[in-house]
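J.: The lines below spell out each chain.
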Amino acid sequence: MPNAYEIITDTLLTYQQQVISLAKLGENTDTTISYNPKFKKAIEEGDICDLFEGALPYRPRYIAPDYKILMEKGSEFLELDPPKDIWEATNALLIMYRHVPSVTTFPVYLGALDELLDPFINDEKEAEKAIGLFLLNIDRTLNDSFVHANIGPKDTLAGRLILRQTEKLQTAIPNLTLKYDPELTSDEFASLCASVMLSTAKPSFANHRMFVSEFGERYVLASCYNGLRLGGGGYTLPRLRLNNIAKKASSIDQFMNEILPHYVDLMNEYMDQRINFLVEKSSFFKSNYLVKEGFLNQKDFIGMFGLVGLAECCNTLMHVSDSNQGYGHDSNVDDLGVAIIQHLDNLVAKHKAPYSENSGDRYWLHAQVGIEKDGPDSSPGCRIPIGSEPEIYKQIKHSTRFHKYFPTGIGDIFRFDETWKKTPEALVDIIRGALNSGMRYFSGYCASNDVIRVTGYLVKKSEIAKLDRKEAVLNDASVLGQGSRDLAHAFDRRVQK
Amino acid sequence: MFSAPVNRIIPFSSVDGPGNRMAIFLQSCPFQCWYCHNPETINLCVHCGICVTKCPSNALSVIDGKVVWNSLHCTQCDTCIKICPTLSSPKITRFTVDEMMIKIDEVRPFIRGITLSGGECMTYPEFMEGIFTQTKKMGLSCLIDSNGYRLFSDYPQLMKVCDGVMLDVKAVDSEFHLQLTHHTNEIVLKNLEDLLLMGKLQEVRIVVLPGYDAQNKITIAYVAEHVKNKAKIKLLTYRPYGVRKVGLDKLGTSMLSEKEMEFYRQFALENGASDVIIL
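Just so you know, the sequences run in chain order A and B. Each residue of the first sequence is one higher than the last, beginning at 1 in the working numbering. Each residue of the second sequence is one higher than the last, beginning at 1 in the working numbering.
With the rest of the complex left out, here is chain A (with noise of 0.2 Å):
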């Protein structure tokens, strides 16, 4: 963590991004909760990861407001009466945007867009404007990658213009899911999201019956592809890092009866902690406006438990040295991956959670896309590693054995050259076709576009050159983006011809 000095002399880093590296500084003074000293060497030793959430939380890390009660009775605390047209709808929604907290200061959570707007489009043209500068001012505005929108399952108006737009700008930000169900979504509009994907890197397709199945109608995807209950979000996420504590173990035995629970223990009681303080003593759920006027209820919160690296840890104790022979290549490795996945699985469901009363009292697993700063040794969740991804068919049925276990995220991302563009319809069945077979949550993006996918958030090629060049730029997670590309390889996704 730098100092206050060097926050306020860095010349990449914009007067915001300052005021938010300050603002962690300060926090991370304050000692109130006491972690285990055994967690706190786990954290140096690189073995679990808090993602730097800082010490002392004020806000849960993920929120998922409830916007229809914008629509349908306006806010008392900010003033606003229910918009009536489309103008009065975005600009409420945009003035509530900038009053939502989470851990990375902007909303992670924009709404079922298309949802939100269809009712008020009167005029198409006035509406495709009024969503055209919409979606311009929250690029400007939330500059942020894991901001993050809905459309869908349903065909609207609202849902095509906002494609359109989202076509037109070619912007990072928001991040947005199609949540596709083959028998509620048109071919056609699962079509036009398949086109509109190969030119912008976005939507991406949650399997929309699967979540449902876990969450009922009322979920959303946030951040990177996160499921989250509407009117609630994410309490804290740390996250379990599977590569290194491998290198611990003598033995599979070992790991899965020692050294996992070991591990799962210390991220229970941390996530415990912060619970705790954060229902009971911080005033985030007593006082904020969006608790009070009920756009959150706190019994809506989930608490993630997230992990990275399954690959590496797999090939570890399997003493596979070569990636393009282990995990996701071998069956018996893979298999030793469901078994671990299965275990803490059921390692975690013991543990009864706080203030998670609507969650099954537990924590729900989360597959971690990994930060930059992990490196090519820690793939993302239950990835393959970059650069031995199997043939797109065989990386899909991969995939799809561990995404069942992960309903607060998990997904792949599959990067498609050009030909693609011409016949999205193709893409579609595949994407139908990987959803049907159980995968959660399916990313694309062309390999010679400017958004691209990093690892679960959106970037522009053309903001990190500027960083390359050392020029300051609006989007926060740029930064993140050339950590990756230059760590961890992640812009050299197997391309599918």
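No lab work stands behind these hints: they were computed from the structure. Using N, Cα and C, we set each Cβ at its ideal position, and we do this for glycine too. Mixed in with the good hints, there may be bad ones.
[Claimed, not checked] Computed, partial: chain B to chain A, Cβ under 7 Å:
id, residue
1, Ser14
2, Phe110
3, Arg112
[To be verified] Restraint-style ranges between C-beta atoms, simulated for each label pair:
id, chain 1, residue 1, chain 2, residue 2, range
4, B, Thr86, A, Ser250, 50 to 60 Å
5, A, Asn332, B, Asp78, 27 to 37 Å
6, A, Ser213, B, Gln157, 35 to 45 Å
7, A, Lys422, B, Pro156, 33 to 43 Å
[Claimed, not checked] 20 Å max Cα-Cα, derived SDA-like pairs, lysine to any residue:
id, chain 1, residue 1, chain 2, residue 2
8, A, Lys397, B, Pro125
9, B, Lys190, B, Pro125
10, A, Lys422, B, Met166
11, A, Lys397, B, Glu106
12, B, Lys232, A, Thr423
13, A, Lys497, B, Pro125
14, B, Lys234, A, Thr419
15, B, Lys234, A, Leu347
16, B, Lys103, A, Pro390
17, A, Lys38, A, Lys422
With chain A fixed as given, assemble chain B onto it according to the hints.
T.: Just chain B, lined up with the frame of chain A:
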């Protein structure tokens, strides 16, 4: 159990018929077109062994008088194909119907159907019928990509399980067809009419040739008049990539411009076609 020599399987193809499909390329073709892009699919391997000594990664060997290809050692440098004197490839694998069905089953959730292509797949009609019969049971569509040298109406059982044919019409002028492909075209043109009657004509492909305006017009006009609005016509721009010397001598190394191709598209529309695209 019928089997066939397979040059290549593309598990996900978006260019061999509608949607995402598995494309299976069978080895050998009775035509020898000037502009063939993959001449290594024309003949079966005669096991002369010339490629074996030239392989830079030792992926080829001779066992019991036959050239054997080791796919694990192969780096796909294509040296063997480039030096093959018989327009063939040592990288051919023979598949039985059951073996091919395993391959298809692996990708079944992600594809809309399969396309049998080549070479010329109609060289192996019994194998095709076996594949299609089982593939149809999976709920997938079955397309044939063919040069039309064999009469489809001679294979009623195969046509029952075939959803459509993508037919190449290389030339309508019989003399020119013979020069261009080393083969006559009466059956090709009969197939065009038969497939229209059967309702199995998925699309017609015509390669538009630089320097052969009159022949291009004869072919396009004939196909357009026959097909009308009953199938798509694809006008393929001649591309010199992969074409061997005999073709380059006749057709050159340059391609027709977009404007020239658009002229032929309009020409097809004027002659009665309704759905014409340029590729």
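J.: Hints first: check each against the structure and report whether it holds.
T.: Quick rundown of the hints versus the structure:
no. : hint                             : verdict
1   : Ser14                            : 4 Å, holds
2   : Phe110                           : 4 Å, holds
3   : Arg112                           : 5 Å, holds
4   : B:Thr86 to A:Ser250: 50 to 60 Å  : 59 Å, holds
5   : A:Asn332 to B:Asp78: 27 to 37 Å  : 34 Å, holds
6   : A:Ser213 to B:Gln157: 35 to 45 Å : 44 Å, holds
7   : A:Lys422 to B:Pro156: 33 to 43 Å : 35 Å, holds
8   : A:Lys397 to B:Pro125             : 32 Å, violated
9   : B:Lys190 to B:Pro125             : 18 Å, holds
10  : A:Lys422 to B:Met166             : 19 Å, holds
11  : A:Lys397 to B:Glu106             : 9 Å, holds
12  : B:Lys232 to A:Thr423             : 16 Å, holds
13  : A:Lys497 to B:Pro125             : 29 Å, violated
14  : B:Lys234 to A:Thr419             : 16 Å, holds
15  : B:Lys234 to A:Leu347             : 59 Å, violated
16  : B:Lys103 to A:Pro390             : 16 Å, holds
17  : A:Lys38 to A:Lys422              : 55 Å, violated
Of the numbered hints listed earlier, those contradicted by the structure are 8, 13, 15, 17.
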